[in-house]
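Chains as they are written, first to last, in the working numbering: chain A, 124 to 510; chain B, 2 to 229.
The hints are simulated quantities; they were obtained by calculation from the structure and are not laboratory data. We put the CB at the ideal spot given by N, CA and C, even for glycine. Certain hints may be false.
Some chain A residues judged to face chain B by a derived CB distance under 8 Å, without partners named [as the list claims (entries may be wrong)]:
1) Lys320
2) Ala418
3) Ala421
4) Ser422
Restricting the straight-line Cα-Cα distance to at most 20 Å, the calculated cross-link-like pairs of lysine to aspartate or glutamate (EDC-like) are [what the hints assert, rightly or not]:
5) Lys497(A) x Glu510(A)
6) Lys497(A) x Asp79(B)
7) Lys122(B) x Glu137(A)
8) Lys125(B) x Glu142(B)
9) Lys497(A) x Asp78(B)
10) Lys144(A) x Glu142(B)
11) Lys28(B) x Asp73(B)
12) Lys424(A) x Asp78(B)
13) Lys144(B) x Glu408(A)
14) Lys210(A) x Asp351(A)
15) Lys497(A) x Asp80(B)
16) Lys230(A) x Asp286(A)
17) Lys502(A) x Glu142(B)
18) Lys320(A) x Glu243(A)
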Amino acid sequence: MKIADPLKNNMYAELARRNLKRQSIRTILAAIGIIIGVIAISSMGILGNTMKLSVTDSFADVGDKLMIYPAPGEESITEKQIGQIRKVAGIDEIIPLRSHGERVEYKNEESFASVYDIKEEGLESLAELEEGRYFKSGSTDCVVGSSVAENLEVSVGSKIVIDDSKLRVVGILKERGLGFDIDTDSGIFTSSEMYEKLYPDEDEGYSSTIITVDDINELETVQQDIEDRINRKDELITVFATNMITESIDGVFDAISLFLMGIGSISLLVAGVSILNVMLMSTMERTKEIGVMKAVGASRKDILKMFLLEALFLGVAASLIGGLLTLGGSYMIISFIMDDSAYILKFSNIIYILEGVFFGVGTSLLGGMYPAWKASRMKPLDALRYE
Amino acid sequence: MPEPIVELRDVTKIYTLGKNRIYALNKVNISIEEGDFVTIMGSSGSGKSTLLNMVGCLDLPTSGKVMINGVDISRLDDDGLTSIRRNNIGFIFQQFNLIQTLTALENVEMPMIFNGTSPEKRRKKAMMLFERAQLPPEYEEHKPNELSGGQQQRVAIARALANDPPILLADEPTGNLDSKTGNSVMKLLQELNSAGTTVIVVTHDPKLEDFSNTTIRLQDGVICDENC
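For reference, chain B alone in the conformation it holds in the complex (with noise of 0.2 Å):
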């Protein structure tokens, strides 16, 4: 059995609000494989975001262990937790995140900047991957406020592949989008992961589900099955 590319393993993550302890984690254990398309649900508080945040390595757990691709990151320091995000993982954010001052094309190239990819290389592999995210080339040199929303996630997701991450972690990827349009992002994100991408969207849209083989669901910092 191949080794899962995510693996929590008795996660704990506690915030201290005054004198309350509050659980947003309670030994949480989930096992993803490669290739997998997973949804995890859950409402505000759940616990979610969370979780997003210890596979994303933007947090760490207060106890157990995240394993990205085999290695645990609540040892690395802040810069190891940037070459685990830089490698491995590609966000997708509710809000697009994309930088203001750059065009559409240098945004995804920006990844590939930080991972130190010669300016030829970056350039036509941004080229291609606007290609692969369905984005017409004439959007290339538009700013990101001169594009529609639809559009902009489509440059995210391009920005997100850009180091050709094992991983996809979207947040509430059509959280801004009209139903429409969210459909056709969600559909890209499908065909991403049926050329191999692992996927993992953290959503409350019971709709988004349908795009996933798996569903993880979350309450109140725990997993539970169906019916909650």
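Excised from the complex, chain A in its bound form (with noise of 0.2 Å):
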């Protein structure tokens, strides 16, 4: 018994192998091709892609919120706004701020900090903390950020100085990211009789206000609703939702993606082309042969099955190692550049590799289609006399 034949299983399949083959030089030129074209779409959306993640990612995850401030011209958000806002359904919490950006010092260490003035059960739903405790309202005591306990070095029960007044630091809060209501990362917070105390001439309204909702998705309408109410003859208050700007962020890293891998796709149309230019030099070559496969009775279909399934094979093939060169090489150069392969992984960047193979295929059996359409309506008696 011979050893199991592959033509037992799928004839065509088992003919466009051999036919690859046969001019191997040939398909590895134009699989070399495809092969860079996958790359170059998927690598490039790769990049958009860690880019957009890189920064999104120091972005707090804190849930999105409105921001108020008073409008270009207006000095603050008054008592009586906010009172207005106060009767707009949908919302949550209101938690109104006065900050002033201010030196500190502790000990031998200066830094520059935002000093907040807010409620304690604000501050509670903006940031938790990391040790310690909440300020009591009325007490001299503080919370700091993170990134101010840090470069301070700073702990629960020092005593920070802000211009020849001392405050306590009964809690300190954890790292929270960026984020688009405040920076909480880098801000000092106490009490209305404290912030008052440092600054008494300062005006009594507020420099902003973060206001959560109940439902998420209303939002824009909570948003709309607070703007009718406070802006209905002048222009008072601007009111913006934190989610506009990620989303915006996030657009404009998916339109710089889709040009990264416009550009891209570009290498993959001429690999496209060359594999069109390499399928019809073969089905030149093989006019004869088709013309004999025709003469014994294969049918348009057959022949054009033969040739789709030749690019197919090309394609899918060549695509495959494209999206491996990619997955390798980019893994490579993320963990080199960003210290942190795990990027790579990211289901995201993975959407790009696919989407680079399923172009890269779908590339090759478009090069392909005409070529085989061409060599399945050849008429056999010309084909069979070609030389």
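Hints in hand, dock the two standalone chains.
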């Protein structure tokens, strides 16, 4: 008994494989085109996406909020306005803030931080404690953000100095990352009483207000309601939703990714043309063979299938190689540049590799379509006569 | 009287070369019965190749009817002609025309693949045909270019028999062979004929006439009698 014959299962597939092998140099060159195209398109996508990931990962995941600031030309948000906002339905919490950029000292260390006047409950909902406790209202105590604690090397119980006043640190907040409400990491939070002691001349109104909503899907409705209520006559406040910022940043990076992939796809287009060229040459060379096959009973569909399979095999093999090379290459590059190879294994990056492979296979098939169609339409008599 | 297996009625084929209209065939009437061994003789330009192409369903007449096994082929499209060829006609060419990427046995299997025969069945049949074409089994896995001309022509004959066609159509089957090998190939065709297959050989070589029981002579696109 002979070893299992490959033709037994699928003759078309086997013929395609052998024909690709027959012109191995040409096949390899065409495959290199596709490989480069796939690498270009998927690595460009990964580049854009990794840029996006590295930026958005530094954003705090604190949920979406509304931020209210005085409109340009307005001094502050008044207590009366806060009262009006309170009447809007769907609001969970209103956190009015006063803040001041300030130089802070502790022992020999010096740092710049924002001093916030905030209600204890408000701070509780904005950031969690790493150690210690929140301050009590009326006290001269304060809670500091993680960056402040790190820069000044303070711990719970230390006394920091602001403008000759001493504030006791009773709590240190957990690191939260960059947020679009306030940057809690570099904030110093204290009571209204202490704040007024530090800045006796300051306006009574608030410099900003953070609003959380009951239902995140109602964010825009609440935003609209607040604007309608307060900006009825004049533009007094500006309201924006933090998700708008992340969305527009995402949008920018998605556009960059798409643009980069567009550049990458040019090389894939070139590869597609080279497949077209290679397959056309191959149909020309095999004209007589096609004629023989048609004479012994191959239908148009059979011939079409044979040539399309060739393009498909070439495309699948080259695209998979391209995909694997991209995976390996970008793993090395990303771990080298970003010191964090975990990025490459993110699903959104894998998607770009799959996309590259998909487009690679698609391009090969498109390139093979016309030659295959042409081969299938050959008249057997003309093909047989071809020398 | 049984219906002829190949019948040409008033077949005319005109080629246009520039302003000239060339009558490759001019009102040709031929009738071939099942089991015949027919030689179509003629010098080059006599129209014998055109006639072969008509019978082989590779070309259609300008006018007239070509009936293969009772079917008028002039009404068929490309795929229709393909299916007639696949099931009724086994081709044997002067150049053997084996597919170089396939082994000898795979070449024999090929028409059965297009026919949708199951892999086990077609392999078995191909091995049987190999034997019938008097080819030793050790050549099965050889590529065509590793075989001699005579062996290649035998593989081609085995391939022609793959779908059990009632008609074998040979175009100068000995043209590329020395006379001894040519003779043995013709003897093989004769054996197949005596087993019931209709054999039509197109040639300009008068020696082949001896193997057939009917000879049709062509000259300038018309059938002529023995003296032409």
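We went through each hint and held it up to the structure:
no., hint, in the structure
1, Lys320, "93 Å, violated"
2, Ala418, "5 Å, holds"
3, Ala421, "5 Å, holds"
4, Ser422, "5 Å, holds"
5, Lys497(A) x Glu510(A), "18 Å, holds"
6, Lys497(A) x Asp79(B), "14 Å, holds"
7, Lys122(B) x Glu137(A), "18 Å, holds"
8, Lys125(B) x Glu142(B), "14 Å, holds"
9, Lys497(A) x Asp78(B), "17 Å, holds"
10, Lys144(A) x Glu142(B), "18 Å, holds"
11, Lys28(B) x Asp73(B), "16 Å, holds"
12, Lys424(A) x Asp78(B), "14 Å, holds"
13, Lys144(B) x Glu408(A), "19 Å, holds"
14, Lys210(A) x Asp351(A), "12 Å, holds"
15, Lys497(A) x Asp80(B), "15 Å, holds"
16, Lys230(A) x Asp286(A), "14 Å, holds"
17, Lys502(A) x Glu142(B), "31 Å, violated"
18, Lys320(A) x Glu243(A), "18 Å, holds"
Hints 1 and 17, counting from the list given before, are not met by this structure.
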